[in-house]
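My request is simple: use the sequences and hints to build the entire structure.
Protein chains: 2
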Amino acid sequence: MTRAPNISRQTIGVLAALLAQPQAWRYGYDLSKETGLKSGTLYPLLMRLSDQGYLEAEWRQPLQPGRPARHAYRLTANGVALARQRAQAQPGAVPLQPSAVRP
Amino acid sequence: MTRAPNISRQTIGVLAALLAQPQAWRYGYDLSKETGLKSGTLYPLLMRLSDQGYLEAEWRQPLQPGRPARHAYRLTANGVALARQRAQAQPGAVPLQPSAVRP
DNA sequence: CGCCATTAGCGATATATGTAGAGTTTTAGT
DNA sequence: ACTAAAACTCTACATATATCGCTAATGGCG
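Chains as they are written, first to last, in this note's numbering: chain A, 1 to 103; chain B, 1 to 103.
Since the hints were made in silico from the structure, they are not lab data. Ideal placement from N, C-alpha and C gives every residue a C-beta, glycine not left out. Some hints could be false.
[Unchecked claim] Example chain B residues on the side facing chain A (calculated, C-beta under 7 Å, incomplete): (1) P22; (2) R26; (3) Y29; (4) G66; (5) P68; (6) A69.
Right under this line is the structure:
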């Protein structure tokens with residue numbers, strides 16, 4: 001029934017991006033630009049990881065009024081473990097290959 | 001050289017919308033839907049009127065996190081006078097006719 | 001091996017405000 | 001009437017997050 005969680009290329013890409021600086025808080029918008037993921041993919045993904053305890057999330061007030069508040073994310077200990085296990089590939093290397101189809 | 005300020009159909013439309021409930025605080029987004037003006041027209045217009053003392057503006061914190069703070073606008077006494085003078089046409093009537101070209 | 005339920009991805013849309021640059025409109029001054 | 005110039009409008013784009021609805025992938029089980 002259930003598929004093994006958090007194994008998609010997209011998820012791995014996000015984990016790799018977060019693993020590059022494991023203690024830093026990152027914003028969804030920045031991650032979307034770094035990984036190339038669109039919001040409709042990224043935010044549900046971040047929320048899943050957060051629900052599963054791999055990320056901690058926190059709201060930050062915007063610096064300028066009129067801009068949206070920002071949601072900051074960071075890997076938890078479990079998240080770091082998962083990221084190391086799933087994304088041993090170097091952080092910056094091959095930022096989400098379009099397909100890598102099997103022939 | 002200079003054209004008389006605040007006489008455009010668009011400006012009059014906004015003034016009329018505000019004059020419908022002169023004491024109410026209105027949001028830019030709502031006004032844009034009510035008048036059909038796009039943000040690139042509406043916000044500069046609101047800022048001009050505000051700079052000229054016809055509107056008072058105020059930031060409101062968003063109800064839900066993740067959404068932008070909202071800028072609320074209301075006519076000042078001067079603004080009410082200007083609106084009455086420029087927009088005697090009924091508030092709801094003819095909501096910004098597309099062209100009304102002169103033949 | 002293929003059925004099919006569950007899960008994930010992704011384009012579109014919504015929420016809100018604002019800026020940049022190009023183009024248009026309107027009137028003053030001659 | 002013509003022209004110059006300010007005032008104004010409008011199309012894009014940027015900032016950020018999030019949901020909706022459809023499509024695609026996965027993998028357990030018969």
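| Honestly, which of those hints from before does the structure not fit? | 1, 2 and 3
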